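Participant: The primary structure of each chain is shown beneath.
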Amino acid sequence: MTARRRRFLRGGPIPGATLLFAVAFGMLGSAAEEATAMAAAAQDPATGQGGADVVVASKPFAESFLLAEMFAQLLEARGFRVDRRPGLGATEIAFRALRTGGIDVYPEYTGTGLVAILGEPASSDPDSVLRRVRRVFRTRWGTEWLAPLGFENTYAIAVRRETAEEYDLATLSDLARAAPALTAGFSPDFIGRDDGLPGLQAAYELRFGSTRSLLQAVKYRALAEGGVDVIDGYSTDGQIARYDLVVLEDDRGFFPAYEAAPLVGPTLVAERPAAVAALTELSGLLDEAMMRRFNERVEVAGEDVAAVAGRALRELGLLESSAAGAPAVGAGGTRDAAGLLSYLWDRRTTLLRLTLRHLLLVGVSLLLAVLIAVPLGLGLERARAGAEGTIRAVGLLQTIPSIALLAFMIPLLGIGVVPALVALFLYSLYPILRNTYTGVRDASPEAVDAGRALGMTQGQILRHVRLPLAAPVIMAGIRTAAVITVGTATLAAFIGAGGLGDPIVSGLALSDTRMILSGAIPAAVLALLVDAFLALAERVVTPKG
Amino acid sequence: MTGVAGRPGRLEAAAVAKRYGAAVALDGVSLEVEPGEVVALVGESGSGKTTLLRCFNHMVEPDGGTVRVDGREVRDIDPIALRRSIGYVQQEGGLLPHWTVERNVALVPWLRGDADPRDRARVALDLVGLPPEGFADRWPRQLSGGQRQRVAIARALAARPAILLMDEPFGALDAITRAELHESFLGLRREIRATCVLVTHDLTEALKLADRVAVMRGGRIEQVAEPDRLVHRPAGEYVARLLERAGVR
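Residue numbers (our numbering), protein chains in the order written: chain A, 25 to 569; chain B, 106 to 354.
You may find that some hints are simply not true.
Label pairs and their calculated CB-CB ranges [as the list claims (entries may be wrong)]:
no.	chain 1	residue 1	chain 2	residue 2	range
1	A	Leu421	B	Glu178	46 to 52 Å
2	A	Gly403	B	Glu137	39 to 45 Å
3	B	Arg243	A	Leu376	31 to 37 Å
4	A	Ala561	B	Asp224	34 to 40 Å
5	A	Ala561	B	Ala220	32 to 38 Å
6	B	Gly250	A	Ala561	31 to 37 Å
7	A	Ala409	B	Ala284	45 to 51 Å
8	A	Gln422	B	Asp224	19 to 25 Å
9	B	Gly250	A	Gln484	51 to 57 Å
10	A	Leu421	B	Gly176	38 to 44 Å
11	A	Gln484	B	Glu331	37 to 43 Å
12	A	Leu376	B	Asp224	52 to 58 Å
13	A	Ala409	B	Arg325	31 to 37 Å
Note that these hints are calculated values from the structure, not bench results.
Computed from a predicted model, the values in this text were never measured in an experiment.
Quick reminder that beta carbons are idealized off the backbone N, C-alpha and C, glycines included.
Kindly generate the complete structure, drawing on both the sequences and the hints.
Facilitator: See below:
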């Protein structure tokens, strides 16, 4: 793994040694420290070169990764320091982070801005879309659409070649005829958006036999293997060539214009014109054929994002041939399972750092949850009238989808470690609270009655009878929360908090199974270790007898 | 607290009433227990016997009437101090499962801040026929049902209370173990002379162990009398039928 790639994957600014120290000597302090650093970075009115890092982010799919990495390398080549935050949750999260100063720039598409962010009807005229989003984004949020990069990445509806031949499909109108016999697999994003499935159905009177929700990362494979017959993709996807798919023509001009452009946050616009100028160097230089080729290298050949980005910039004449960031060969060709162990071994330093970050996220959030939920559970045992209502209310938190919860918190807490901690904390509360209350409430009624009848005070009964007898049940709640949190913490990658979710999100976006496993395996091992550690703790706190 | 903690140990309930929602548990019950006397409360489930027992250590707050311990109204006494001065034994023992036998027995002396709770526990264990060398360090789950009840009695006696309240202390035991514990109880009586209120649904047990027997029914006392008198002069049909069913008449 190259140094560049490590930086690409890293979650945040805490170096490994600091993290080790933080884990050992006070996880809270470190999180607070980073929060402060983040806040300072966001408010730092530095201008031009040598100022604060330019925070370059992307959404979690390959092209977004690649464009963001191109932005980043270009900025570095022009003398800016860059903080990379790849793979932010989705449009909602990335854009909130941008307008609240958590990030400075990310690649966005004008159609997405118009429909998903402004909630306006789609349009297939690229110029009017660009004019509209530019004006509204500037006045409403102070964010700026730079000149488009030169290609459109609009939705593409794709089918297998056999399907196209069997049903004689060339256009979406043809598809409307055959759709009742077909199973569609669409990304959740596409299913929910007006310019996605609902609009498409209306425009073409499409009715599929069935529709499934599939993540971007698994869609192409599901299509190729026959799990679904129709998918939504992007017109620049490298996977389209890889699987020899047929893209159906949008003969009624439904899909709106989706020109790619750097979307820049208010701070950068107002205070760092030199950085903005560097980013505009890319304007108009790319086209769809190029992008499909670059994307294919990343998605299909499995080459390193940083390497592909560097080569693309050199090809475009924006970097000198001898410039840094030119790893000769990407990771291509060694994606077999046998290579997994050496892949993991090569990345041990990174993985250790990510694991420690993960442990920090889990440890701090769990500790906070224990500190709040256990006393609350004990208190509710004394005020049982309000207990069930309170616990159910906390349980409702569990039903909020994590991405939605993270999105809500960005305006309050920005992106990075702090909102991730808060989200994980909120998700940990319920099992601990429920088990504490139930355990203490149901602790051996005879023993509690004996304690009372022989003159123990309420406090003594709690401390010497209820709590020790409830300890195994409370610990079971904490262990449940811990294992769930180790899993949920992988989502922290969506808001740039780092941890083992980083390689999982990147791997999903790049269809790189080994990369996914390099996050998933340590996460699974971590879950087992955390549970084993808590089992030991349980033995210590559980009374004998 | 001299009147409560030390001798003699007189109990008095006057017109005590208690209801749980619509159900009447005690319907104006009056009963006096002399110092050193053993009174058994006998009756079927729901007759109010446990409720009456638990009025004496203020585990139950009566709706009406007065309860006195050594002449003082229970509601004027700090309930924690009151309970620490009165021994209490439950049907299933109510031992703290996570404490050793010794720690269980030492509970009340420890709560009272006595200087030597462990010594008192060992003395009490000896008293109930469980040599501390063999039993002090055991866990409740390692004991038989009879041994557990003996530990519960030792725990009630460890602080040398003047009053002992026992709620079906032998109810869950097999016949042989129960007979053994009856003998131990009678032996203990001679030794420690505490006032004792004993709740049981077993009339034979009541006649065997108590100085007086109070037969309860529907929250009222049908008859209070010495065993002899109760057997020969039952006041009313209910008591007579109870005696018959127990095979005493």
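Participant: Among the hints numbered above, which are violated by the structure, and what are their numbers in rising order?
Facilitator: 3, 8, 9, 10
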